Amino acid sequence: MDRIPILKMGHFLLVTIQVDMYDRLALNLENDLIQMVEKHESKGVLIDISAVSIVDSFMGRIIGNIASMSKILDAETVVVGMQPAVAITLVELGLPLTGVHTALNVEKGMFLLQKKIKEDIFEIDEPDAGWENDDQPE
Amino acid sequence: MSQMLVGKMMTSLNKDIIKISTEQDMVLIRHRVRDYAQKIGMSVLDQTKLITACSELARNILVYAGNGKATIEVISERLQTGIKVVFEDKGPGIADIQKAMQDGFSTGKSLGLGLPGAKRLVNYFDIQSKVGHGTTVTIIRWKR
Chain A
-4 MDRIPILKMG HFLLVTIQVD MYDRLALNLE NDLIQMVEKH ESKGVLIDIS AVSIVDSFMG
56 RIIGNIASMS KILDAETVVV GMQPAVAITL VELGLPLTGV HTALNVEKGM FLLQKKIKED
116 IFEIDEPDAG WENDDQPE
Chain B
1081 MSQMLVGKMM TSLNKDIIKI STEQDMVLIR HRVRDYAQKI GMSVLDQTKL ITACSELARN
1141 ILVYAGNGKA TIEVISERLQ TGIKVVFEDK GPGIADIQKA MQDGFSTGKS LGLGLPGAKR
1201 LVNYFDIQSK VGHGTTVTII RWKR
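Protein chains in written order, with my numbering: chain A, -4 to 133; chain B, 1081 to 1224.
For the record, the hints were derived by calculation from the structure and aren't laboratory data. It should be emphasised that the depicted structure is a prediction, and the values quoted were computed from it without experimental measurement. One thing to keep in mind: the hints can contain errors.
[Unchecked claim] Anything over 12 Å on all C-beta distances counts as not near chain B; from chain A, calculated: (1) M31; (2) H35; (3) L68; (4) K103.
[As the list claims (entries may be wrong)] In silico lysine to any residue, SDA-like type, Cα no more than 20 Å apart, as pairs: (5) B:K1099 to B:K1170; (6) B:K1223 to A:A80; (7) B:K1223 to A:E87; (8) A:K66 to A:E25; (9) A:K111 to A:M64; (10) B:K1199 to A:P91; (11) A:K113 to A:I83; (12) B:K1223 to B:D1206; (13) B:K1179 to B:K1149; (14) B:K1223 to A:I83; (15) B:K1095 to B:I1152; (16) A:K103 to A:G5; (17) B:K1179 to A:G5; (18) B:K1099 to A:D15; (19) A:K3 to A:Q30; (20) B:K1199 to A:V86; (21) B:K1119 to A:S48; (22) B:K1199 to A:A80; (23) B:K1199 to A:A82; (24) B:K1149 to A:D18; (25) B:K1199 to A:I83; (26) B:K1223 to A:S48.
For each residue, glycine too, the CB sits at the ideal point set by N, CA and C.
Using the sequences and the accompanying hints, generate a full structural model.
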């Protein structure tokens, strides 16, 4: 069965879609990604669609699903590299893509994800800040 | 645009029929439509809109009728050139076309954007359906 490779990079998962998507392939990707998020306790998913020339309602729905599922598993999803023609078509089609973060390119998307998890860590560590004193002699 | 205009005054320059029975056929249709659109010099945006509409309609055939066919045509009318695609199936047909054309209405598991979405993406959209006999959708996108 055809599969789109998912790369693990630290806290994040990286997917670059380089082929024409058909529905089965998109469903497999959705499945694989969610399992990988769970397995590696990933904090973010970055999907690069710069090589994708069309996103129809099915594909859009899959992207939305991935974002919602990741969110429940405490991971953020960023879609990057959308071509202008694809963006215009999506809006005209009436697809909102709610809950999906977007960035212009992979670099900016990575930055966005890093910023998002830094905010999370900050929120958790702020109250007690105990770990800084861990290596001090008693 | 009236039905008569579309029917009689257009000249067909090229014709291609593709069967739709698997998901791979959808990919093939997208490729073929892109080839034709590029050949007549359609802009990337118009190509993307046309192909997305084709993708939606081809999926509808797969989901609701199981199989069917798409006829891709390069057409010319007066000084305009464009692509016309006809999607035909002998599936169950649509009981209430008006309802099916509403945003968010779906009898399947989709978002219900297929038909109304496709209509928004093309210059001409015509749907004919008869319950028990099948559905024919004709779309045209002109090169601007």
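Notebook entry, point to check: Which earlier hints can't be squared with this structure?
Noted result: 11, 13 and 17
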